[in-house]
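Undergrad: Everything in the sequence shown is counted per full-length UniProt numbering, starting at 1 for the first residue and increasing by one.
A hint or two may mislead.
[Unchecked claim] Here are the computed distance ranges between Cβ atoms for each label pair:
1. Cys19 / Glu104: 33 to 41 Å
2. Arg106 / Lys8: 18 to 26 Å
3. Gly103 / Thr18: 36 to 44 Å
4. Gln114 / Val23: 23 to 31 Å
5. Lys89 / His64: 31 to 39 Å
6. Val68 / Ser99: 38 to 46 Å
7. Met22 / Pro83: 14 to 22 Å
8. Lys89 / Pro65: 31 to 39 Å
9. Pro83 / Glu104: 17 to 25 Å
[Stated by the list, open to error] Derived lysine-lysine pairs resembling BS3-like cross-links, with alpha carbons at most 30 Å apart:
10. Lys8 / Lys84
11. Lys89 / Lys13
12. Lys96 / Lys86
13. Lys86 / Lys8
By construction, these hints were calculated from the structure, which means they are not laboratory data.
Where is the CB? At the ideal position from N, CA and C, for every residue including glycine.
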Amino acid sequence: MNELVWDKELERKASKMTCNRMVTGPDYSVVVLPSERASSGLSSESWANLNGPTQTKIGCFDFHPPCVETNGADNGGVCLIGPKNKINKEDIIFGKPGSACPGETRHDGLCVTQVELVEHEEEVKKPPKSVEAKMDGANDTPWESNSYFGSLYMVFFCAAIMAYSS
1 MNELVWDKEL ERKASKMTCN RMVTGPDYSV VVLPSERASS GLSSESWANL
51 NGPTQTKIGC FDFHPPCVET NGADNGGVCL IGPKNKINKE DIIFGKPGSA
101 CPGETRHDGL CVTQVELVEH EEEVKKPPKS VEAKMDGAND TPWESNSYFG
151 SLYMVFFCAA IMAYSS
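Throw the hints in and build the complete structure from the sequences for me.
TA: This is how it looks when you write it as structure tokens:
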């Protein structure tokens, strides 16, 4: 399983989504995040997309106020996770965490994501911070300052590690 790196372009795309229009794209899947009060209702498909071992980037946006669906469920926001728009059974690799990384492995067993630098006049000076680093205090966007989404992501992350290690 790869570490997830914050992606400003996915964040921008997520910010354009509305309560009535959340569509999967060619290079990302959509995970609708329930509001804090409705967080127990996350679907198994959302879990699978969020915990996909081949996914390497994430961008999120929170809705103010939360979207209320016809069944009464509150959606607090949306995350776009890429580069794949669907996780297949073939994407799942069994074994010890980090044992099948194509490159470097972190101390916690996640595969290090190789960040591609953009080639243009304003070349990127350093790779984007990982989501983990963003949750440790960087305050670049409203999403990053929302401790609820950070906590919810950590719950998903821990569940994924436990699922893949068993």
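Undergrad: For a quick check of understanding: which of the numbered hints are violated here, in increasing order?
TA: none
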